[in-house]
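My request is simple: use the sequences and hints to build the entire structure.
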Amino acid sequence: MIQLIKDTLISQVVTLWRVFVHAFDKTDTVEYPDVQPQMAARWRGRIILSRDPDGEERCVACNLCAVACPVDCIALQKAEDEEGRWYPEFFRINFSRCIMCGFCEEACPTNAIQLTPDFEMAEYVRQDMVWEKEDLLINGTGKYHDYNFYRIAGKKIGGKDKGEARNEAPPVDVRSLLP
Amino acid sequence: MVWDVGSPLSIGAILFTVIIVAAMLIWVERRLLGLWQERLGPNRVGPFGLLQVVADMIKIFAKEDWVPPFADKFSFILAPPIIMIVILMSFTVIPFAPGVGVIDSDIGVLFVLAMASLGAYSVMLGGLASNNKYALLGSLRAAAQMVSYEVFMGISLLGVVALTGSFNLREIVIAQSDGWYIIPQFIGFLIFMIAGIAESHRLPFDIPEAEQEIVAGYHTEYSGMKFGMFFVGEYLGVVLISSLLVVLFFGGWLGPAFLPPIVWFLLKTAFFIAFFILLRAAIPRPRYDQLMTYGWLFLLPLSLLNLMITGAFVLWQEGAI
Chain F
0 MIQLIKDTLI SQVVTLWRVF VHAFDKTDTV EYPDVQPQMA ARWRGRIILS RDPDGEERCV
60 ACNLCAVACP VDCIALQKAE DEEGRWYPEF FRINFSRCIM CGFCEEACPT NAIQLTPDFE
120 MAEYVRQDMV WEKEDLLING TGKYHDYNFY RIAGKKIGGK DKGEARNEAP PVDVRSLLP
Chain B
0 MVWDVGSPLS IGAILFTVII VAAMLIWVER RLLGLWQERL GPNRVGPFGL LQVVADMIKI
60 FAKEDWVPPF ADKFSFILAP PIIMIVILMS FTVIPFAPGV GVIDSDIGVL FVLAMASLGA
120 YSVMLGGLAS NNKYALLGSL RAAAQMVSYE VFMGISLLGV VALTGSFNLR EIVIAQSDGW
180 YIIPQFIGFL IFMIAGIAES HRLPFDIPEA EQEIVAGYHT EYSGMKFGMF FVGEYLGVVL
240 ISSLLVVLFF GGWLGPAFLP PIVWFLLKTA FFIAFFILLR AAIPRPRYDQ LMTYGWLFLL
300 PLSLLNLMIT GAFVLWQEGA I
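Residue numbers (numbering that gives the first Met the number 0), protein chains in the order written: chain F, 0 to 178; chain B, 0 to 320.
No lab work stands behind these hints, which were simulated from the structure alone.
Since the model is a prediction, treat every value here as computed from it, not as a measurement.
Don't take every hint at face value.
Stated by the list, open to error - For lysine to any residue, the following SDA-like pairs were computed, each having C-alpha atoms within a straight-line distance of at most 20 Å:
| # | chain 1 | residue 1 | chain 2 | residue 2 |
| --- | --- | --- | --- | --- |
| 1 | F | K5 | B | P203 |
| 2 | B | K132 | B | F69 |
| 3 | F | K132 | F | V70 |
| 4 | F | K5 | B | E37 |
| 5 | F | K25 | F | I9 |
| 6 | F | K5 | B | F185 |
| 7 | F | K5 | B | I186 |
| 8 | F | K77 | F | E104 |
| 9 | F | K25 | B | R30 |
| 10 | F | K142 | F | E55 |
| 11 | F | K5 | F | L15 |
| 12 | F | K5 | B | P300 |
| 13 | F | K5 | B | K132 |
| 14 | B | K72 | B | K132 |
| 15 | F | K132 | F | V66 |
| 16 | F | K5 | B | Y293 |
| 17 | F | K25 | B | N42 |
| 18 | F | K5 | B | P67 |
| 19 | F | K25 | B | Y293 |
| 20 | F | K5 | B | T292 |
| 21 | F | K25 | B | A281 |
Shown next, in the form of structure tokens:
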């Protein structure tokens, strides 16, 4: 009998009390249009293309982001400048398809494509959801401030020969017998 | 024009207040649930979101009032008004304050029980007429729930009736002048409250609509104002059960003299309405066979025991035993 009362009555009263006490807790709601929410730095929102510390485009048009994209919202075309640097001739993201999964950021070998905490991307015209390279490129380095792909990679470009990259030894002369 | 029981002024004021309160409960419930779930609830339309009710009303009136072609048209249209009419009818016998009321009936308790029970027809007819499997399950559950709570609901009140010696709700309130019935009839109060929750189909006993299990139960196929009538009927039921709890166990309009009697009545009723919403926020829903077992095997014997002890006490007081 005691057990029955404990199960049917006391536990319900305890539950009611514990829920009632929540009335004195702080609400979790952020009144968004009036109060800007504090977004986490690694929030996956609007996609940007960043530049390296020298101010050049980081993107080398390797197409890995377009391959990784599960909804195929990224389209780009490779081009090569006179120095030998690869860059995208056009780079187009259709944000009406994008699901902000961040796979492109994971795939990118040069930290060029990055997701930002901005989420306010509503448009009245559907075509305005398609962003071109000019819209996506930012002037800064994004999340990785000192990363510069062409200064680390061994590829030869204008003004930097083989073996001149950071942490890179000069190439071995295979015709020389000297150690 | 005078304030008296049954005067047109009294009737009009009661009808207006009851319907406005039932409509405002849409907003009150959402704000209170928000408060207890650490949210805000609707606060955009008007001050504190008070005009949310108006916005909801405009929306629900403007919606398409659709009768499914496969439904039984007559009962489908008949069902929603029943619940509103019977519950508004029940309010006629509630004594709000001295001189405020619609009728002063000598069978008030029986009238309320009869009318509130007719409300179950609305739910069952609505579910059957919809010709939809979820609606059918909902009305099946409503029938199962009704046979389990109706019995002990009536019996739990008989203790109060025995102590007063009258079925007249106004006399029941007056008889509580020297002590509210919550103390001698605590078990009766608990049983009647459980039955009342089941009667108004509120959580934790909203088994006929159980939106997590059977879509929306008996009103799955309803839309527009027909759905609105079920919705307002449910809130009217909450107000009715709250005011009945106040009248039967908490001394109705009685209270310290610094506030007028009607204010005491409204304050006590508001407390129970808030309590109903707290129940919704806190207690999960049982299965309907669990409710039936609980009703028949535990609450019915308990209410009979309560009636027996109260009866013996009344007879002992009168010197019959």
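Status of the hints after comparison with the structure:
1. For the hint linking F:K5 to B:P203, the alpha-carbon distance of about 18 Å falls within 20 Å, and the restraint holds.
2. Of the pairs offered as hints, the one joining B:K132 and B:F69 holds, with about 12 Å between alpha carbons and a cut-off of 20 Å not exceeded.
3. Proximity of F:K132 to F:V70 is assessed by CA-CA distance (about 19 Å); at most 20 Å being required, the pair is judged to hold.
4. A hinted pair counts as satisfied when its Cα atoms are at most 20 Å apart, and F:K5 with B:E37 does not qualify at roughly 28 Å.
5. Distance restraint check for F:K25 and F:I9: the Cα-Cα separation of roughly 27 Å exceeds the 20 Å cut-off, and the hinted pair is therefore not satisfied.
6. Using a Cα cut-off of 20 Å, the hinted pair F:K5 and B:F185 holds, with the two alpha carbons roughly 17 Å apart.
7. About 16 Å separates the Cα atoms of F:K5 and B:I186, which keeps this hinted pair within 20 Å; it holds.
8. Of the supplied pair hints, the one linking F:K77 and F:E104 holds, its CA atoms being roughly 18 Å apart against a limit of 20 Å.
9. Note on F:K25 and B:R30: the hinted pairing holds, with a Cα-Cα distance of about 15 Å set against a maximum of 20 Å.
10. As the CA atoms of F:K142 and F:E55 are separated by approximately 16 Å, the hinted pair is consistent with the 20 Å bound.
11. Distance hint between F:K5 and F:L15 is fulfilled; the C-alpha atoms sit about 14 Å from each other, no more than 20 Å.
12. Restraint check for F:K5 and B:P300: satisfied, since their Cα atoms lie roughly 18 Å apart, inside the 20 Å limit.
13. Note on F:K5 and B:K132: the hinted pairing is violated, with a Cα-Cα distance of about 38 Å set against a maximum of 20 Å.
14. Taken as a hint, the B:K72 and B:K132 pair is honoured in the structure, with Cα atoms around 17 Å apart against an allowance of 20 Å.
15. Proximity of F:K132 to F:V66 is assessed by CA-CA distance (about 18 Å); at most 20 Å being required, the pair is judged to hold.
16. Distance hint between F:K5 and B:Y293 is fulfilled; the C-alpha atoms sit about 15 Å from each other, no more than 20 Å.
17. At roughly 16 Å between alpha-carbon atoms, F:K25 and B:N42 fall within 20 Å of each other, so this suggested pair holds.
18. Between F:K5 and B:P67 the CA atoms are separated by roughly 48 Å; this puts the pair beyond 20 Å, and the hint is violated.
19. The hinted pair formed by F:K25 and B:Y293 fails the criterion: a straight-line CA distance of about 38 Å is larger than 20 Å.
20. With a CA separation close to 18 Å, the supplied pair F:K5 and B:T292 stays within the 20 Å bound.
21. The straight-line distance between the Cα atoms of F:K25 and B:A281 is roughly 18 Å, inside the 20 Å bound, and the hint therefore holds.
When each numbered hint is compared with the structure, violations occur for hints 4, 5, 13, 18 and 19.
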